[in-house]
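**Student:** Taken in order, these protein sequences are the chains called A and B. Each residue of the first sequence is one higher than the one before, starting from 1 at the first, in the numbering used here. Each residue of the second sequence is one higher than the one before, starting from 1001 at the first, in the numbering used here.
Hints were generated in silico from the structure; no laboratory data involved. Keep in mind that this is a model prediction, so the values were computed, not measured. Wrong hints could be hidden among the right ones.
Which bits of chain A does chain B cover? Going by a derived footprint, with three or more residues having C-beta under 8 Å, they are [what the hints assert, rightly or not]:
#	segment
1	33-43
2	54-60
3	144-155
4	181-187
A virtual CB, placed ideally from N, CA and C, is assigned to each residue, including glycine.
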Amino acid sequence: MDNPGQDLKDEAELIRAATDGNRSAFNELVRLKRERVVRIAFQVTSDWDDALDVAQGVFLRLWKNLDRYDPGRRFDTWLYRVTANAAIDLLRSRGPKGHLQPLSEDHGELKDESAVDAESVLSSAELQKAFQRLAAGLAPKQRMVFVLKEIEGVETAEVARIMNVAESTVRNHLLQARRVLRAGLERDYPGLVPDSARREDGSEEN
Amino acid sequence: MHEHPELRLLLADYTASPRREELLRHLQGCAACRADVAAEDPSRLFALLALEAVPEGLLDRLSDNVATAIAEPGTVPARRSFRMRWASIAASLLLAGAFSTYLLDRDGKQTEPASAPVAFVVQERKAEQAFTLISSRETAEWIDLSVGGERVVMIFDEELDL
Chain A
1 MDNPGQDLKD EAELIRAATD GNRSAFNELV RLKRERVVRI AFQVTSDWDD
51 ALDVAQGVFL RLWKNLDRYD PGRRFDTWLY RVTANAAIDL LRSRGPKGHL
101 QPLSEDHGEL KDESAVDAES VLSSAELQKA FQRLAAGLAP KQRMVFVLKE
151 IEGVETAEVA RIMNVAESTV RNHLLQARRV LRAGLERDYP GLVPDSARRE
201 DGSEEN
Chain B
1001 MHEHPELRLL LADYTASPRR EELLRHLQGC AACRADVAAE DPSRLFALLA
1051 LEAVPEGLLD RLSDNVATAI AEPGTVPARR SFRMRWASIA ASLLLAGAFS
1101 TYLLDRDGKQ TEPASAPVAF VVQERKAEQA FTLISSRETA EWIDLSVGGE
1151 RVVMIFDEEL DL
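This is chain B alone, in the form it adopts within the complex:
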């Protein structure tokens, strides 16, 4: 077995040594030591993940978000802009669907709602790209959300920018 003095330290206890980072750097660069560690217990190679770099800009983004949030109490910055935007869109669509949908029968014949549907406005462009605009009437817009044999149509009270 290949023997570097560093290897014994690594296998004894990665965490006890004040030279931990130095030892990990050695392990990273020494194929023979890595093979020996793998032979002893390959799961210990995961210690090398400590050397993984944090994506550039992420830490500054974190600091900026936190600084903004504590400077303006009650304002929590968007933690994940992309995900949160889609979540809000989905929530809007769900609410809109719950209040302003009505079913068309399977041959596509429209069943008129008993009363005027409550309309919600969805202004996000990306949300509509997944749906089909089937017709428009005056200022209202219709969106087909049909799945399988069930047809669901949503109505919005403003023209959508598709």
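Extracted from the complex, chain A is given alone in its bound form:
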């Protein structure tokens, strides 16, 4: 970003124009925001088509409700809140295990590794598969917090505003999510965590 201040000014102008019904301005706003909205939706739903559905619904809702936006507040917070709610709604509509997926065929090979083989275990595709499988065991809000904070890099205070909860609740959701994911990784991908990092009770040192 060459000039963040200018971009923010542009964004504010785009929002103002879009609120007045300027479709070109709104389309430009969509272009600016679409990637992150789609990414968030994907990491929650585990499906690019679902992510497209969610994002489309989010932007259409945004177009209809732009006049409700308070310019005194961060636009992104509002946008990601709508995104989070839409993605969580979709996740809930599928039930708690809606996205539980079988282990991949090469999973057995990973299980047999006693040493860390980061190259094979942590390929991008394998990591994505692992997340889709293990995150299915998270409550929707835990998953959303993990996605926003750990994957999208949103700060805790902002996640709290997006989720409309206290920061302590965000930290609690994150802690729970990490525990579940960590336990799943240790169980399904034992070669990922060096033996030296495990305690005798099966957990790890910090």
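Fit chain B to the given chain A structure using the hints.
**Tutor:** Here is chain B on its own, set in the frame of chain A:
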């Protein structure tokens, strides 16, 4: 333990650093750092998913769909063409089944309906591929939707293109 200065930043807080993407790129390319992060808390490796590329064309499709929808109020573009088409087919079949089916007994003997069935037209080709066309009479078409011992037949008032 392997020590890269970047690693401490990563473990301290991925989100606080303005160099987040740079750090993640380092983590992606540095097996030793990945192993160290895995030893500390393997779930933190999922931060690498931030580098995952969105499928080509998906973002443009999103923009196009939204632009179309807001340019033509009341027109919501098909959000998932494949899924929506099947949903509409299923709904059509359900409605048609509710209004125009009658049961055949288990030995296949036909029970005539008390009155002429209401007929619906299904024109999607793929829907019919799962069913068996058992006979036709004049312009009507019959489709067998039987499951187990129950036989259900649907009638359509146009010839189906199977």
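**Student:** Could you run down the list of hints and mark each one as holding or not?
**Tutor:** Here's how the hints hold up against the structure:
no.: 1; hint: 33-43; result: holds (count 6)
no.: 2; hint: 54-60; result: holds (count 5)
no.: 3; hint: 144-155; result: holds (count 8)
no.: 4; hint: 181-187; result: holds (count 4)
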